[in-house]
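Student: Protein chains in written order, with my numbering: chain F, 1 to 215; chain V, 216 to 430; chain W, 431 to 645.
Quick caveat, the hints were computed from the structure, so don't treat them as lab data.
Remember, predicted model here, so these are calculated numbers, not experimental data.
Mixed in with the good hints, there may be bad ones.
[Claimed, not checked] Below are the SDA-like pairs computed for lysine to any residue, each with C-alpha atoms no more than 20 Å apart in a straight line: (1) V:LYS244 x W:LYS517; (2) V:LYS244 x W:HIS580; (3) W:LYS517 x W:SER634; (4) V:LYS244 x F:ASN141; (5) V:LYS302 x V:LEU406; (6) V:LYS244 x W:LYS459; (7) W:LYS459 x W:ASN571.
What follows is the residue order along each chain.
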Amino acid sequence: MDSAAWALLFDLLGVFFFAVSGCLTAAQKDYDIVGSLLLGSLTGIGGGVIRDLVLGRFPSSFAEPIYLAPPVLAAVVVYFLMPALQKLRRTLLMFDAAGLALFCITGTITALGLGVNPIPSAILGTVTAIGGGLLRDTVANVRPGLFDRHDIYAVPAMVGAGAVSVLWTLGLYSTAAGVVVAVVVFAFRVLALRFRWRVPLAASSRHRREPRPRG
Amino acid sequence: MDSAAWALLFDLLGVFFFAVSGCLTAAQKDYDIVGSLLLGSLTGIGGGVIRDLVLGRFPSSFAEPIYLAPPVLAAVVVYFLMPALQKLRRTLLMFDAAGLALFCITGTITALGLGVNPIPSAILGTVTAIGGGLLRDTVANVRPGLFDRHDIYAVPAMVGAGAVSVLWTLGLYSTAAGVVVAVVVFAFRVLALRFRWRVPLAASSRHRREPRPRG
Amino acid sequence: MDSAAWALLFDLLGVFFFAVSGCLTAAQKDYDIVGSLLLGSLTGIGGGVIRDLVLGRFPSSFAEPIYLAPPVLAAVVVYFLMPALQKLRRTLLMFDAAGLALFCITGTITALGLGVNPIPSAILGTVTAIGGGLLRDTVANVRPGLFDRHDIYAVPAMVGAGAVSVLWTLGLYSTAAGVVVAVVVFAFRVLALRFRWRVPLAASSRHRREPRPRG
C-alpha cells in the first residue's frame, strides 16, 4: 500500500470510530435506527466536510461512495452489539478518542498536501478532529464533551496536528510517523479521561471568589 | 414554462413551506417578528445553502433576490394568521412535510444537473431536504423532529431523492415525474405521522432489557 | 494607513470583541481555558468563515495567522480580568454589540469588494454580524440572544449593512463613513438594550387571545 492508500484507510477508520460514537449517542437518546445512521454519518463525516469546505474542494465523503460504508457499518454494529448501559458512556468516549487521534492526523495532512501553510493546516486538522463530535453533541442537545472541564479533549488533537505539521515541514513525515502520533494522541486523551487531567478554568477570578464543590 | 422555470418555482415553494415552519417555531417560542423572519429564512434557505456550499457554487438564495420573498411572506402570513395553538404543531408538521417533499427533488436535480454522480446527488438531495429543519430545531433549542422515534422523517426524503436519481439516470426524469415523486413523498411523510409508522430503535438490545412505556 | 489596513484593523477588532463575548460565555458555563479559547475563536471568526464560504474564498481567518491573536488575547483577558458576576452579562452584551457594529460593516464591504450585488452584500454583512453570536449560543446551549424578544438585536446590524451598501453604491463610502455607521449601530443596539426597545411578536393573534405578563 502506498501512502495515499494508507491515508484513505486512516480516514475511513476515523469516520467509523466517530460514526460509532454518533450511533451510541443516538442509542442513548432513544433515536431510531435511521436517526442513528444520520447522527453517525454527521459525526463521522462532519469534521471532514467542514475541512473540505474551508479548503474549497468537493468533500471527499460525497465524492467517494466508499465513505458511506463506515456509518452504515457503525449503525449496524451499534444496533446489534450495543454495550450494556453502564458501559455505554465509556465505550462512546473510547471511540470518540480513536476518531480524534486519526482525524487530527488526516485533517492536517490533507491541508498540507494541498499546499496550505503549516499553521493553518494544524488548525484545520484540529477543526477536523473536534468538528464531528461538536456537531454530534450540538445537534443531539448534549452538553459538548469538547467543553467538559473535567478532562482534556482538544489539547491532544492540537498536539497531534501540530506535531504532524512540524514533521511535514521538516520533511520527516511518513505513514509510520503518523501512526505513532495517532497512538500518542489516543493515549494522551485516554489518560486525560482516566486521571481527569485538567487545565485551569476560563476565569481565574470566579472561583477564587466563590469556591464550589467539584461537580 | 420550461423545466428550469418549474425547478425555480418548486424551489421557491419549498423555501416558503420551510420558512412557514420556521416562523411557526418562532411563534411557539415567543420570538419577535424579526426573529421569526430570521428563523424562517434559516429554515427556508439553510438546506439549499449547505447543498450549494458542498457543490462549490454561490448559493442561489444569495445570488437571486427573489429568494427573499418567501421568508418575508411566511413571516407576514404567520404574524396575521397563526393557527390556534392546539393546531400549531400539526400545521407546522404539514408545512415541514411539504418542504421536505419539494427539496428532496430540487436538491437532487440541482446536483445531477451539475454533473454529480447519482449516489452523491441523492445524498445531497436528502441533505437539502432535512438540513433546514435540522438547523431550525438546533438553533431554536427544540429536540430535532428528524430524530423523533415516533414517526418516520428522513426515509421519505431518501426515497424521493433516490427515485429522482434513478429516473434521471434512466433518462426518464421530467417535471411531471418530479411532481409525482413530490406528492408520493408528501403522502408518505403525512401517513407516517398520522399512523405513527416507525422503524426499529438505534439499539436492539437496550429495550429488550428494559421495556419502557411509549412516550 | 490605507483603507485595506483600516478594514483589516476593524475586522481584527470585531474578532476580538466577539471572542471576548465567547470567552465570557465560557466563564459563565464553567468551561476551562481551552474551551474558552475555542468558544472565543468560534464566536470571533464564525461569522466571517460563513461569509467567506458563501463567497467561495479561503477564509481570511485561516489564511492570515494574525487572526489567531484576538481569540488568544480574549481568553487571557477574560482569564485574568473577568468582571464580577453581577456585571458579567452586561459586559458580555457590550462586547457582543461592538462586534456586531464592526462586522456588519466589514462583512458588507468584503462582499461588495468582490463584486457581489448590493442586496446580497448587505445580507452577507448581516449574516457575518449575527453568525458568530448565534454559533456561540447554539454550541453553548444558551438561548440565542438573537431571538430574545426583550430587545432588538438583528435590526441594528441590518440597518448598518444596508447603509454601507447604499453608501458604496452611491460612491460615498469611506473609512470615516464606516466608523460613523459602526458608532450608530453600536449606539442603536445599546439603546435598544437599555430601554428594551422591541418589535411585535412573531404572531399577532396569540397574545391577543392569551395576554401574559411580561417576562
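Student: Evaluate each hint against the coordinates.
Tutor: Consistency of the hints with the structure:
1. V:LYS244 x W:LYS517: Measuring from Cα to Cα gives roughly 27 Å; hence the hint is violated.
2. V:LYS244 x W:HIS580: holds (13 Å)
3. W:LYS517 x W:SER634: Measuring from Cα to Cα gives roughly 35 Å; hence the hint is violated.
4. V:LYS244 x F:ASN141: The hint holds at about 17 Å.
5. V:LYS302 x V:LEU406: This hinted pair holds, its Cα atoms lying about 18 Å apart.
6. V:LYS244 x W:LYS459: violated (23 Å)
7. W:LYS459 x W:ASN571: With Cα atoms ~10 Å apart, LYS459 (chain W) and ASN571 (chain W) stay inside 20 Å; holds.
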